Amino acid sequence: MKLVYVYGKEGRMRFVSHLDLQRFLQRALNRTCLPIAFSKGFNPHPILSIAGALAMGYESDYEVFEVKIEGTVDKSTALETMKNALPEDMPIKQVIFRDDTFPSMMSLVKMADYEITPRDSLPELQSAASAFMRTESFMGLRKTKSGEKEIDVRKLCLKLEMQNGVILTRLMLTEQDTLKPDVLMHSLCTLAGIDDVSFRAKRTGLLGVDRYGAVKLITELQL
Amino acid sequence: MNLSDRIDELMPLVQKPSRYIGNEYNSVIKDPEKVDVRYAFLFPDVYEIGMSHLGMKILYHTLNKRDDCWCERVFTPWPDMMKLMEQNDVPLFSQESRTPVKSFDLLGITLMYEMSYTNILKSLHLAGIPLYQKDRKDGPFVICGGPCAFNPEPLAPFVDIFTLGDGERSIHQFIDLFKSWKASGAPREEFLRRAVSEVEGSYVPSLYDLAYNPDGTVQSIKPKEGSGAPELVFKALVNDLTAADYPEKLIVPFGEVVHDRIMLEIFRGCTRGCRFCQAGMIYRPVRERSMDRLLEIAEKLVNATGFDEISLMSLSSGDYSCLPELAHEMVEKFMARRVKISLPSQRIDAFLKDTLKETQKVRKTALTLAPEAGTQRLRDVINKGVTEEDLMRAVTDAFSEGWSAVKLYFMIGLPTETDEDILGIADLATKVRRCYFSIPKEQRSPGLRITVSASVFVPKPHTPFQWCAQIDAETIRHRQLLLKSELDKLKGVDYKYHEMDVSYLEAVFARGDRRVSEVLRLAVENGCMFDSWTEFFNKAGWDKAFADAGIDPGFYSSRERSLDEVLPWSHIDCGVSLAYLKREYQKAMRGEITPDCRKGCQGCGMTRYEGACR
Chain A
504 MKLVYVYGKE GRMRFVSHLD LQRFLQRALN RTCLPIAFSK GFNPHPILSI AGALAMGYES
564 DYEVFEVKIE GTVDKSTALE TMKNALPEDM PIKQVIFRDD TFPSMMSLVK MADYEITPRD
624 SLPELQSAAS AFMRTESFMG LRKTKSGEKE IDVRKLCLKL EMQNGVILTR LMLTEQDTLK
684 PDVLMHSLCT LAGIDDVSFR AKRTGLLGVD RYGAVKLITE LQL
Chain B
7 MNLSDRIDEL MPLVQKPSRY IGNEYNSVIK DPEKVDVRYA FLFPDVYEIG MSHLGMKILY
67 HTLNKRDDCW CERVFTPWPD MMKLMEQNDV PLFSQESRTP VKSFDLLGIT LMYEMSYTNI
127 LKSLHLAGIP LYQKDRKDGP FVICGGPCAF NPEPLAPFVD IFTLGDGERS IHQFIDLFKS
187 WKASGAPREE FLRRAVSEVE GSYVPSLYDL AYNPDGTVQS IKPKEGSGAP ELVFKALVND
247 LTAADYPEKL IVPFGEVVHD RIMLEIFRGC TRGCRFCQAG MIYRPVRERS MDRLLEIAEK
307 LVNATGFDEI SLMSLSSGDY SCLPELAHEM VEKFMARRVK ISLPSQRIDA FLKDTLKETQ
367 KVRKTALTLA PEAGTQRLRD VINKGVTEED LMRAVTDAFS EGWSAVKLYF MIGLPTETDE
427 DILGIADLAT KVRRCYFSIP KEQRSPGLRI TVSASVFVPK PHTPFQWCAQ IDAETIRHRQ
487 LLLKSELDKL KGVDYKYHEM DVSYLEAVFA RGDRRVSEVL RLAVENGCMF DSWTEFFNKA
547 GWDKAFADAG IDPGFYSSRE RSLDEVLPWS HIDCGVSLAY LKREYQKAMR GEITPDCRKG
607 CQGCGMTRYE GACR
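Chains as they are written, first to last, in my numbering: chain A, 504 to 726; chain B, 7 to 620.
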C-alpha cells in the first residue's frame, strides 16, 4: 500500500531545497507511528518519493509525496499523524491510498499550474502576455546541469492569462520538456523590452493526462 | 518592508538559505508580549557548526521551559550573507522571530574556540552593538561562557560578564537578576555589580584593575576597591546531572549540519588527567547521568525528532561506569526503529570487546583512537595512560571483529618532544598495519585504511602545560615533513596535518592577556573573520594587526613562563588548584605518570567545591 499526501509549501518553507526537503520528510515520517516500509541495505530509509521537484523560492498549494507502508492504516490516522509531524507552513491537505502496483506519482506528472505575481511593470507584462500567446514560437534558454539548452518557450507554455496583476499559467513539466516560471518571466520581459522583473511564484497544481486525454490533478487520475 | 521580508529578499542571493530561515521543527516560538526577558544566544560561527553544539541545546531548552523568558538562537552569517546584510542595512537577527539582536535584553555568546573571537566582534558590529563594554548605554548585556571563558582576558574589554562553569543553574540566576534589576530601575552598572554576588561563576572584567611588570608580564589583577568583586572567581558547578535539565525536544534543521543526530551527554568531566587537555581540567569532576535517565531521554528525543542516530557524548565515553549495559540496552531498545547508536572519542584502554560488538550491530564506522604521542616516554610526559600493548590489543580486536578503517590522532609539538617521538608515530602506524595482516585473510574485512592525523599542540590555560612554550614554526614544519616522509613509505596509510599559522594564533589568544584585545579589534578591521576556515584565514590581516598594535605574538605563544609568574587567568578558578597544576607540570618534566583519580584521589583541588567528589 502507498500513502499519497498532498501538502503545501508556504512562507519560509519555500527556501527549503528539494534535497533538504527529502531528509526533512524522512525524519517527519520517523516521528509518526505509521508502519513505514524501509528500503533494504546498509542504511535503510523510508521508501519515499516526491513528485515534481519544486525550485527553491517558490511556494505551492499542491505538492505531492508518496510513501510505502507495510500493513494497513486508517485514513484519519494517516492524515492526523502526518499533520502533527509537520510544521504549520507545510500543511497536509489530503491523503489517498494507492496500490503498490499503481504508477508512481512522479511518473504521472506532465504539466504544472502556477500563479506568478510580478512586483511591478504590470501594463508592460499584460501586453507582452497577449503578444506571447499570439506567436507560434519564442525561443529561450533553459539552464541544465550540463549548461544551457535552447527551448521553445511558447510551445512549452500551454496556457497563460493575466488577472488582477497575477499571471496564471500552465507549463510543461516532463523530463524532456520543462518550462520553469523564471524562464517564462524572462521571455515575457524580453518581449516587453524591459529588465527582468522580480516576482513570486506559487505552484497550484501538478497535472497528468488520463486515458481519455483529460487533464487532471495527479491525485485524481484513475488509470 | 519589515525586517523579515527584507531578509527573505536576500535568500535567493545566498548559498544555503536554510541557514537563515529559522522555523525549524521544534524551534520555540512565543508571544513577545507575554515574556519578561528576551535572551539571544549567539554561536559565533556558521549555522551548521552552531547547530551541532550541545551547550546551546541544553540552555535553549532550560530557558524556554520558563514562561517569563524566550531564548532565541543567533549565528554568525556566512560571509556571502554578511556582505548582503551590510549592503542592505539588515542588522544581525534572531532565527526564531527575526528580531534585531540589539533589542534583546541579554546576549549570551558561547566561546568554544579562540579562533571564533573575530566572529564575535564582527557579530556585535553587525548587530549595531558598541564593541567596547564601556561605550554601551543601552541594548543587551553581553555575557560570554564556555571553555574559553576560563581565560577571559583577550575579550575582557568587549564583554559585560563572563559566566564560568556549568550553565544549567546560573543562566536562570541571570534571568531572575535581570527581572529584579529592571524593576528596580537602577543604572546598568548595578546589574553587573549584582551579578557578582547573585549569579554563581560570574566574572565582571570592568570591576578589576590590572598592573603590568616592566618585562611585560602581569603584575597583578585585583578587584577595584569597594566593587565587591572577589579576588578569585570560582566556577559554577552542577553536581547532579541526572536531576539537571536536559532537552526533551531538539530542533531538527532543514539543511545538513555537522552533528545531524541526537546528542546524548552521558557524563560530564574526565579524570584521566591528560596534561595537555584543558577540557579534562575545567570540566571536573566526573558526573554521570543515570542509565535510566539516559534511556528515558533517548526515547523522548527519538519520538520528538525522528533522527535515526544517537551519539553517546562525553569526553571519554569508554569510561562510563556501565557502558556495556547502556550500549546493550540502547541497541535493544532502538534496533527495531532503525536508530543507530554511535560512540565517539573512544579510548583504547577502555575498549571492551562486547561494546565493540554492540555498536557494530548497528553501524561500523572507522575506529578512532588517540594515542596522542608516538613513544611511551612522551605518552608518560603528557600522562596519556595508554601503552603500545593497549593500542595493539584494541586494533587487533577491532580488525578481527570486521573493522578495516582506523583513525589515529596525534599531536606534534608536545613539551619535551624530539624527532625520535615523531619516528615513533610512524612506528606505531607500521605496527597497526602489521596487526591487520596478522589476521587470516578470510577473517578480516578487506580494504585496510589507516589515517594518521597530527595536530599542532597549543598550550592551554588551566593545564599543567600552561607554562610551556609552543614549539617554533620551523621545528613544527620539519617534524611534519619528517612524519610525512616516513608515512609515505607505508601503503594504505594517509597522513593529515594542519597548517601552523592558525595554531600559532590560537596559542596567542589561548594565553593572551587584556592587551591582545587590541589585536582582535584591528584584525577585524583588516577583514579577519572565520579564521578557522582555511578559505578565509587572512594571515596578512593578522600580521598587520599585531604590528599596528605593537604586540609581539611570540611573547604569548613561544615564551616559557616561570612557575611563579602571575598568569593572566590567575584570578579564575576552574576547579583544579594551582598547586596541583604545578605538581603535575613537575611530574611531567620527570616523565612520571599520575593515575586516574577514580583509583584514588590525586588532590586536584576539586574538593574545595561543595558537594563535588562525594
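Honestly, the hints are just simulated from the structure, not real lab data.
Because the structure is a prediction, the values reported are computed rather than measured.
Positions of the beta carbon are idealized from the N, C-alpha and C atoms, including for glycine.
Careful, some of the hints might be misleading.
With a cut-off of at most 27 angstroms between alpha-carbon atoms, the simulated DSSO-like pairs for lysine-lysine come out as follows [stated by the list, open to error]:
| no. | chain 1 | residue 1 | chain 2 | residue 2 |
| --- | --- | --- | --- | --- |
| 1 | A | Lys658 | A | Lys596 |
| 2 | A | Lys646 | B | Lys437 |
| 3 | B | Lys490 | B | Lys502 |
| 4 | A | Lys543 | B | Lys339 |
| 5 | A | Lys543 | A | Lys596 |
| 6 | B | Lys36 | A | Lys586 |
| 7 | A | Lys683 | A | Lys613 |
| 8 | B | Lys89 | B | Lys502 |
| 9 | A | Lys596 | B | Lys339 |
| 10 | B | Lys306 | B | Lys346 |
| 11 | B | Lys437 | B | Lys490 |
| 12 | B | Lys306 | A | Lys571 |
| 13 | B | Lys71 | B | Lys40 |
| 14 | A | Lys596 | A | Lys683 |
| 15 | B | Lys255 | B | Lys63 |
| 16 | A | Lys596 | A | Lys571 |
| 17 | B | Lys346 | A | Lys648 |
| 18 | B | Lys188 | B | Lys71 |
| 19 | A | Lys662 | A | Lys719 |
| 20 | A | Lys683 | B | Lys502 |
| 21 | A | Lys543 | B | Lys185 |
| 22 | B | Lys545 | A | Lys586 |
| 23 | B | Lys71 | B | Lys36 |
| 24 | B | Lys339 | B | Lys63 |
| 25 | B | Lys40 | B | Lys63 |
| 26 | B | Lys22 | B | Lys71 |
| 27 | B | Lys339 | A | Lys571 |
| 28 | A | Lys586 | B | Lys63 |
| 29 | B | Lys63 | B | Lys306 |
| 30 | A | Lys613 | A | Lys658 |
| 31 | A | Lys571 | B | Lys36 |
| 32 | A | Lys652 | B | Lys22 |
| 33 | B | Lys437 | A | Lys586 |
| 34 | B | Lys36 | B | Lys140 |
| 35 | B | Lys108 | B | Lys63 |
| 36 | B | Lys255 | A | Lys586 |
| 37 | B | Lys255 | B | Lys188 |
Per label pair, the in silico range of CB-to-CB distance [claimed, not checked]:
| no. | chain 1 | residue 1 | chain 2 | residue 2 | range |
| --- | --- | --- | --- | --- | --- |
| 38 | B | Leu19 | A | Lys719 | 33 to 39 angstroms |
| 39 | A | Ser542 | B | Gly560 | 53 to 59 angstroms |
| 40 | B | Thr424 | A | Gln529 | 48 to 54 angstroms |
Cross-check of the supplied hints:
{"no.": "1", "hint": "A/Lys658 with A/Lys596", "result": "32 angstroms, violated"}
{"no.": "2", "hint": "A/Lys646 with B/Lys437", "result": "53 angstroms, violated"}
{"no.": "3", "hint": "B/Lys490 with B/Lys502", "result": "9 angstroms, holds"}
{"no.": "4", "hint": "A/Lys543 with B/Lys339", "result": "20 angstroms, holds"}
{"no.": "5", "hint": "A/Lys543 with A/Lys596", "result": "30 angstroms, violated"}
{"no.": "6", "hint": "B/Lys36 with A/Lys586", "result": "21 angstroms, holds"}
{"no.": "7", "hint": "A/Lys683 with A/Lys613", "result": "13 angstroms, holds"}
{"no.": "8", "hint": "B/Lys89 with B/Lys502", "result": "33 angstroms, violated"}
{"no.": "9", "hint": "A/Lys596 with B/Lys339", "result": "34 angstroms, violated"}
{"no.": "10", "hint": "B/Lys306 with B/Lys346", "result": "15 angstroms, holds"}
{"no.": "11", "hint": "B/Lys437 with B/Lys490", "result": "17 angstroms, holds"}
{"no.": "12", "hint": "B/Lys306 with A/Lys571", "result": "25 angstroms, holds"}
{"no.": "13", "hint": "B/Lys71 with B/Lys40", "result": "14 angstroms, holds"}
{"no.": "14", "hint": "A/Lys596 with A/Lys683", "result": "24 angstroms, holds"}
{"no.": "15", "hint": "B/Lys255 with B/Lys63", "result": "9 angstroms, holds"}
{"no.": "16", "hint": "A/Lys596 with A/Lys571", "result": "19 angstroms, holds"}
{"no.": "17", "hint": "B/Lys346 with A/Lys648", "result": "35 angstroms, violated"}
{"no.": "18", "hint": "B/Lys188 with B/Lys71", "result": "21 angstroms, holds"}
{"no.": "19", "hint": "A/Lys662 with A/Lys719", "result": "15 angstroms, holds"}
{"no.": "20", "hint": "A/Lys683 with B/Lys502", "result": "45 angstroms, violated"}
{"no.": "21", "hint": "A/Lys543 with B/Lys185", "result": "55 angstroms, violated"}
{"no.": "22", "hint": "B/Lys545 with A/Lys586", "result": "51 angstroms, violated"}
{"no.": "23", "hint": "B/Lys71 with B/Lys36", "result": "11 angstroms, holds"}
{"no.": "24", "hint": "B/Lys339 with B/Lys63", "result": "24 angstroms, holds"}
{"no.": "25", "hint": "B/Lys40 with B/Lys63", "result": "23 angstroms, holds"}
{"no.": "26", "hint": "B/Lys22 with B/Lys71", "result": "30 angstroms, violated"}
{"no.": "27", "hint": "B/Lys339 with A/Lys571", "result": "24 angstroms, holds"}
{"no.": "28", "hint": "A/Lys586 with B/Lys63", "result": "25 angstroms, holds"}
{"no.": "29", "hint": "B/Lys63 with B/Lys306", "result": "15 angstroms, holds"}
{"no.": "30", "hint": "A/Lys613 with A/Lys658", "result": "14 angstroms, holds"}
{"no.": "31", "hint": "A/Lys571 with B/Lys36", "result": "36 angstroms, violated"}
{"no.": "32", "hint": "A/Lys652 with B/Lys22", "result": "26 angstroms, holds"}
{"no.": "33", "hint": "B/Lys437 with A/Lys586", "result": "56 angstroms, violated"}
{"no.": "34", "hint": "B/Lys36 with B/Lys140", "result": "32 angstroms, violated"}
{"no.": "35", "hint": "B/Lys108 with B/Lys63", "result": "22 angstroms, holds"}
{"no.": "36", "hint": "B/Lys255 with A/Lys586", "result": "18 angstroms, holds"}
{"no.": "37", "hint": "B/Lys255 with B/Lys188", "result": "31 angstroms, violated"}
{"no.": "38", "hint": "B/Leu19 with A/Lys719: 33 to 39 angstroms", "result": "38 angstroms, holds"}
{"no.": "39", "hint": "A/Ser542 with B/Gly560: 53 to 59 angstroms", "result": "57 angstroms, holds"}
{"no.": "40", "hint": "B/Thr424 with A/Gln529: 48 to 54 angstroms", "result": "52 angstroms, holds"}
Violated hints for the displayed structure, listed by number in ascending order: 1, 2, 5, 8, 9, 17, 20, 21, 22, 26, 31, 33, 34, 37.
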